[in-house]
Amino acid sequence: MTNLLEIRDLHKRYGAVEVLKGVDCSMRQGEVISIIGSSGSGKTTMLRCINMLEEFQGGTIAIDGQEIGYETAGDARRRKPEREIARQRALTGMAFQQFNLFPHMTAAANVMLGLVKVKKMSRDEARGLAEKWLDRVGLLSRKDHYPGQLSGGQQQRVAIARAIAMNPKLMLFDEVTSALDPELVNEVLQVIKGLADDGMSMLIVTHEMRFAYEVSSRVIFMNQGRIAEEGDPREMFLKPRTERLAEFLKTSTFN
Amino acid sequence: MDVSFIDQLWLARIPLFKGLGISVSISFLSIVAGTVLGVFVGLALVYGYRPVRWIVRGYTDFIRGTPVLVLVLASYYVLSAIGIDLGPFQAGVLALAVFCSSHVGELVRGALQSIPKGQTEAAKAIGLTFAQTFAYVLGPQALRQALPAWVNTAAEMVKASTLLSIIGVGELLLRTQEVISRTFMSLEFYFFAGFLYFVINYGIERFGRYVERKTAVPS
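Respectively, the protein sequence lines represent chains S and P. Every letter in the first sequence is one number past the one before it in the working numbering, and letter 129, counting from 1, is 129. Here the working numbering = 1-based position in the second sequence + 255.
Next comes chain P alone, as it looks inside the complex (with noise of 0.2 Å):
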């Protein structure tokens, strides 16, 4: 039995992989939007003039509220209804984005205030300007601040990945549903699924280690 499994491993070895890479890439997008665009949103929470907090925290707090699945079904359902066609890798990956921008928003307003206003006052004390502050004193800071939330936030991402095979994106889960569809060896392909998903996650918790190393600040 273990044989087959090998064997019938090596043959559905070509979709599983390109399972994976379409897994690793809607992850990596997904991450990357979230958290460029969740910067922003954290900015405009702490920074923000009165009108715009609001919104800002009414689609973190509306966002956050919302289950990714349904963000995924209506990002693919709706918008396509409203006229805006995107396929379902596109949709997917958007929604996903979404839901990690307003997560890394809240991350990223809640190290900003972290941070003593003391160090604003004395930044602008030596004359920076906000942008400057920002760049070389506030940021900095919030970054060592949020970074093992942020990772905890990557590795959730990887994990909403697999929700996109409900609308037809051929990631992992889905090309592993299909093999075993035809194999019947449910229990080993979704072992080696989850095995496979792990390594991703253990691997951006590796880094997210390796980044706070590098970044400590010695006292």
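Extracted from the complex, chain S is given alone in its bound form (with noise of 0.2 Å):
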């Protein structure tokens, strides 16, 4: 059976700069994988090449055995038709570290946008799906509230409920706490946490330890473009087998 997510040997440059260095990652249906690692380490640019955010010179992506992004046949390598980049896109959920909630469209539109323009529903239909994902991350009635009226802890809901309504099969968390206050922290992280609960395959970017610890099937450690260190979060946290990650999580909060 193919795995839902098989990265081999992915490496992205920014100029000279080389980011990611060789990254090899897969991920089982249902798998709940966090990324940890210091900020500059590759973390958030490895989630932005997955949905094609960030084009990346080297290595593959695939989702469910289909190849994102670029066409490749040996050393030959050709960028998809955007047309096509567009609908893989649509293979994956993303929740950004800034909401990006669209600040002209109420709640309800916001989550409604691509359910109508991208998956062709008709706007009756949506409007329901819209209801029953607003209603899930307890916002049915902010329903009709523009983005600049809710709280961040309130707008991250929003973006999620508008990421998962398209049905992905891989959700892509950005550190999607970082931007909140912290008594907002945690009513974004229970409704992860009830996205894992149900099964959803999610790929978690964060900062925050004891959610990672929590909520995760497995840890990836970044360092300096590279997976540094990967397994199960107790053994991860608690029996660090790398000098970088004891160093890093002496460094971080545990709370």
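Source of the hints: derived by calculation from the structure; they are not laboratory data. Be a bit skeptical, because a hint or two may be false.
From the derived model, a few chain S residues whose C-beta atoms are all more than 10 Å from chain P [to be verified]: (1) Ala73; (2) Ala86; (3) Arg89; (4) Arg127; (5) Tyr213.
Here are the simulated lysine-lysine pairs, BS3-like style, with alpha carbons at most 27 Å apart [to be verified]: (6) S:Lys117 / P:Lys414; (7) P:Lys372 / S:Lys169; (8) S:Lys169 / S:Lys120; (9) S:Lys80 / S:Lys132; (10) S:Lys80 / P:Lys372; (11) S:Lys193 / S:Lys239; (12) P:Lys372 / S:Lys143; (13) P:Lys414 / S:Lys143; (14) S:Lys120 / P:Lys372; (15) S:Lys21 / P:Lys469; (16) S:Lys80 / S:Lys143; (17) S:Lys119 / P:Lys372; (18) S:Lys132 / S:Lys169; (19) P:Lys469 / S:Lys117.
A quick note: this is a predicted structure, and the numbers were derived from the prediction, not measured. Note that CB positions come from ideal geometry on N, CA and C, so glycine has one too.
Join the two chains into one complex using the hints; note that each chain is given alone, in its own frame.
Shown next, in the form of structure tokens:
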């Protein structure tokens, strides 16, 4: 059986700076993987390569056996047509650090946009699904509010509903609590935990170590553009094998 | 004297009314054409490939750095010298539309660049194509952003329409001057024309406010 996600020898450069220096990673259906590491270690970049928000120069990424972004045959490599890349992006859903809700649309309209324009649902069908997911993140009563009328935590929950309503095979979370006031972090983490309990496959870049520990089936520690250590969260956090991880954990708050 | 101004105004009502019609037509056509063209200019400035961007950048800088009167004269005399024969009305509207497009292009560029990159990324992440992203996410936000400055530009175009009197387009100013040369009531008729221009521009401004209010996002 093919893995849900298969990353092989992923290389990414910004000009002369190499930020990903050969990352390999595979993920099965239903896994919840947290990616930790200090800033600049390449964890967010790796996540953004998976839905082609970043181009990458070497290696392959496949979702359900389908090569993402590029056509490779031997050494030859060609970027897929833009329309095809847009379609492939819908295989994954992404939640961002800065929420990135569309400010000129209500919460419900934010969730409906992709359903109507990408999934070609009728407006009624899309509205039903949007309301179902807004209810799920506890914001049905706010469906007609605009992002500017919502708190950060509420905005992030709408953003998660917007991504998940598209029924992606894999959810990508990019430091979704980093821009939130401390008292708003928990409501967002609870939503993600609920999705994990449903068996959603998720890749989570986070600085919340306690959360990573609790929610993950596996943890990946990245350092200087490579995966430095990976494994079961209990072993990783309690008995780090590498010096680097031990040091990183010492400097991060585990609360 | 007041009575005679009213009499003269009544006598001149038809040429003045026609002049007003021409002024409104010139303004309307050049604003519409300039805005449509300007949106493409703005898109090219933001999303165009490098050579396209350079060419369009050169176009806008050149046009914006040139007095409108020069554009009007050039459009009328230079184009006919190279064999493109446009009537004064067409040549004038072309010059104003070109001028308008360079300004609207800059407005659109500024508005698009002020939208955070995260908006495009979020739109891409749910699988929208570039055209869809522009139509539903970037466009509506840029529109709100650019609207107040666009109203200014539109009002400028109405004022610039008076320059077409130089190449003999029978718009409001030229008709007013003709009436004055017959009646010698320069003060009265210039005031009257000024009042009409004010009414047009006030209308545009009210319209802009109305659209702004209608499209305001609650927060």
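Hints, one by one, checked against the model:
1. Ala73: Consistent with the label, Ala73 of chain S stays out of reach of chain P, its closest Cβ about 26 Å off (over 10 Å).
2. Ala86: violated (5 Å)
3. Arg89: At roughly 5 Å from the nearest Cβ of chain P, Arg89 of chain S sits no farther out than 10 Å, so the non-interface label is violated.
4. Arg127: Answer for Arg127 of chain S: holds, closest chain P Cβ roughly 16 Å.
5. Tyr213: holds (27 Å)
6. S:Lys117 / P:Lys414: violated (42 Å)
7. P:Lys372 / S:Lys169: Holds, at about 25 Å.
8. S:Lys169 / S:Lys120: Within the cut-off at roughly 18 Å; holds.
9. S:Lys80 / S:Lys132: violated (34 Å)
10. S:Lys80 / P:Lys372: Distance ~23 Å between Lys80 of chain S and Lys372 of chain P Cα, so the pair holds.
11. S:Lys193 / S:Lys239: holds (24 Å)
12. P:Lys372 / S:Lys143: holds (25 Å)
13. P:Lys414 / S:Lys143: Violated, because 46 Å separates the two Cα atoms, which is more than 27 Å.
14. S:Lys120 / P:Lys372: holds (26 Å)
15. S:Lys21 / P:Lys469: The given pair, whose Cα atoms are some 51 Å apart, is violated under the 27 Å limit.
16. S:Lys80 / S:Lys143: Answer violated: Lys80 of chain S to Lys143 of chain S is near 37 Å, above 27 Å.
17. S:Lys119 / P:Lys372: This hinted pair holds, its Cα atoms lying about 24 Å apart.
18. S:Lys132 / S:Lys169: holds (19 Å)
19. P:Lys469 / S:Lys117: holds (24 Å)
In this structure, the earlier hints numbered 2, 3, 6, 9, 13, 15, 16 are contradicted, and the remaining ones agree with it.
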